[in-house]
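Sequence order for the protein chains is L and A. Take 1 as the starting number for the first sequence in the numbering used here and just add one per residue. Take 188 as the starting number for the second sequence in the numbering used here and just add one per residue.
It is worth saying that the hints were derived from the structure and are not from the lab. Fair warning: there could be bad hints in the mix.
With beta-carbon atoms standing in for the labels, derived distance ranges [stated by the list, open to error]:
| no. | chain 1 | residue 1 | chain 2 | residue 2 | range |
| --- | --- | --- | --- | --- | --- |
| 1 | A | R195 | L | G32 | 43 to 51 Å |
| 2 | A | H201 | L | P89 | 32 to 40 Å |
| 3 | L | G77 | A | G214 | 40 to 48 Å |
| 4 | L | D28 | A | D300 | 49 to 57 Å |
| 5 | A | P279 | L | R87 | 39 to 47 Å |
| 6 | L | G77 | A | L205 | 45 to 53 Å |
| 7 | L | G126 | A | R207 | 30 to 38 Å |
| 8 | A | R349 | L | R87 | 45 to 53 Å |
| 9 | A | Q234 | L | R24 | 17 to 25 Å |
| 10 | L | Y14 | A | R330 | 28 to 36 Å |
| 11 | A | H201 | L | A140 | 45 to 53 Å |
| 12 | A | R221 | L | R132 | 43 to 51 Å |
| 13 | L | R132 | A | R262 | 47 to 55 Å |
Heads up, the beta-carbon is just placed ideally off N, CA and C, and yes, glycines get one too.
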Amino acid sequence: MYAMQYELTLPADYDMEIIRKRVRDRGDRTDGFPGLDIKAYLIRERGTDESPINQYAPFYLWRDTEGMNQFLWGGGGFGGIVSDLGRPPVRHWTGVDHLPGPDHTTEPVAATKHIEPIPALVDPTGPVDAARERLRERAAQPGVYSTALAVDPERWELVHFTLWTENPPTGAGTRYEVLHLSRGSEQ
Amino acid sequence: MYATYYDRTFPADHDMDLVRDRVVEVGPSMDEHRGLGFKAYLIRDNQVSSFYLWHDPVAMAAFFFGESGFADLVRNSGRPTVEHWLGVAVTPGGARDDQPRAAARRITALPHDLEPELAALTELGSRPDVHTAALVADPKNWRLLRFVLWANEVPADEQGERFEVMHLSAPGITELRGITDVRDAV
Numbered sequence: 001m002y003a004m005q006y007e008l009t010l011p012a013d014y015d016m017e018i019i020r021k022r023v024r025d026r027g028d029r030t031d032g033f034p035g036l037d038i039k040a041y042l043i044r045e046r047g048t049d050e051s052p053i054n055q056y057a058p059f060y061l062w063r064d065t066e067g068m069n070q071f072l073w074g075g076g077g078f079g080g081i082v083s084d085l086g087r088p089p090v091r092h093w094t095g096v097d098h099l100p101g102p103d104h105t106t107e108p109v110a111a112t113k114h115i116e117p118i119p120a121l122v123d124p125t126g127p128v129d130a131a132r133e134r135l136r137e138r139a140a141q142p143g144v145y146s147t148a149l150a151v152d153p154e155r156w157e158l159v160h161f162t163l164w165t166e167n168p169p170t171g172a173g174t175r176y177e178v179l180h181l182s183r184g185s186e187q
Numbered sequence: 188m189y190a191t192y193y194d195r196t197f198p199a200d201h202d203m204d205l206v207r208d209r210v211v212e213v214g215p216s217m218d219e220h221r222g223l224g225f226k227a228y229l230i231r232d233n234q235v236s237s238f239y240l241w242h243d244p245v246a247m248a249a250f251f252f253g254e255s256g257f258a259d260l261v262r263n264s265g266r267p268t269v270e271h272w273l274g275v276a277v278t279p280g281g282a283r284d285d286q287p288r289a290a291a292r293r294i295t296a297l298p299h300d301l302e303p304e305l306a307a308l309t310e311l312g313s314r315p316d317v318h319t320a321a322l323v324a325d326p327k328n329w330r331l332l333r334f335v336l337w338a339n340e341v342p343a344d345e346q347g348e349r350f351e352v353m354h355l356s357a358p359g360i361t362e363l364r365g366i367t368d369v370r371d372a373v
């Protein structure tokens, strides 16, 4: 499993309805995408949920790299982003686990992302195990659609990503509104 | 398919024969590692490095974040920065059955059109002195890395960093797949 996200920060006076409409019109293009687990179409809106910025920041979980290849440079969708909004840096993480929560049958409305550095020089095993334990606890929390853990071994950072069917609790990380959730092809 | 790479530079006066002895000792421990396509143990001057191609991401995560494997290296020599790259394409060359002695690693900006790079990779695969050639990409910094294992030496016109291959563990090298394999299968 791999996690991936790009963040397109938009001008402060940008009409976010343009992004909402884009997702309404095109969001279903990644429904059933080969190799995809989930793609959450996320935005942050200036002045909402303490966000200082307007941003379009979709978050992906992939089952295999063939799907990522097809999407990024195989004519599978990312070309549209590049031609309309420019080519952003795409962060990618090695997946550790993705667990369904108690509300897995309800559509998620919000997402949170929390990035946590793994302390310098230490063996990553301990921090990853501890994070996995917190992942299991979060997966049991009411309001959780699903929750995932991944690692960037270049910067040695953990990323916790959670989809919520209700307002996320405070302290869960950066908040996003979910405009659409695409589920990929079945395994 | 996914690639990982890290390196470690030793002081100029370090006896690199100690490093070579260590690779002779520990290199074979990865020879049958499940989920690994190959691991190349590389050396150039006072720098040692490891380039991996994985076919199974679960095994890769277990190696880097689990109890054994990478954790042993961290305990012995500290935690390096691990570059991670998305595998794009891979091809065997005419020297697949030989033990490769040299390797080259070339990093360029990722072009919008990958076709010329894919064609060049196919060309490498037709050479008798190439063991394996692979393309991997980093969409965060939009870079493309070409890694080639050569039977004897890296040709003079090949660009990028050159390494001596001290050991190659290649338990799942035939399991590696890229976009050209998917495309050719359609």
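Tested hints:
1. R195/A <-> G32/L: 43 to 51 Å: The hinted range 43 to 51 Å holds for R195/A and G32/L, with Cβ atoms some 44 Å apart.
2. H201/A <-> P89/L: 32 to 40 Å: 36 Å, holds
3. G77/L <-> G214/A: 40 to 48 Å: 41 Å Cβ-Cβ, so the 40 to 48 Å window holds.
4. D28/L <-> D300/A: 49 to 57 Å: 28 Å, violated
5. P279/A <-> R87/L: 39 to 47 Å: Check failed, 32 Å falls outside 39 to 47 Å.
6. G77/L <-> L205/A: 45 to 53 Å: Holds - the Cβ-Cβ distance for G77/L and L205/A, about 50 Å, lies within 45 to 53 Å.
7. G126/L <-> R207/A: 30 to 38 Å: 32 Å, holds
8. R349/A <-> R87/L: 45 to 53 Å: Taking Cβ atoms as reference, R349/A and R87/L lie about 31 Å apart, which means the hint is violated.
9. Q234/A <-> R24/L: 17 to 25 Å: 52 Å, violated
10. Y14/L <-> R330/A: 28 to 36 Å: Hint holds: Cβ distance 29 Å, inside 28 to 36 Å.
11. H201/A <-> A140/L: 45 to 53 Å: The hinted range 45 to 53 Å holds for H201/A and A140/L, with Cβ atoms some 51 Å apart.
12. R221/A <-> R132/L: 43 to 51 Å: 21 Å, violated
13. R132/L <-> R262/A: 47 to 55 Å: Given range 47 to 55 Å: violated, Cβ gap about 20 Å.
Checked against the numbered hints given earlier, this structure breaks hints 4, 5, 8, 9, 12, 13; the rest are met.
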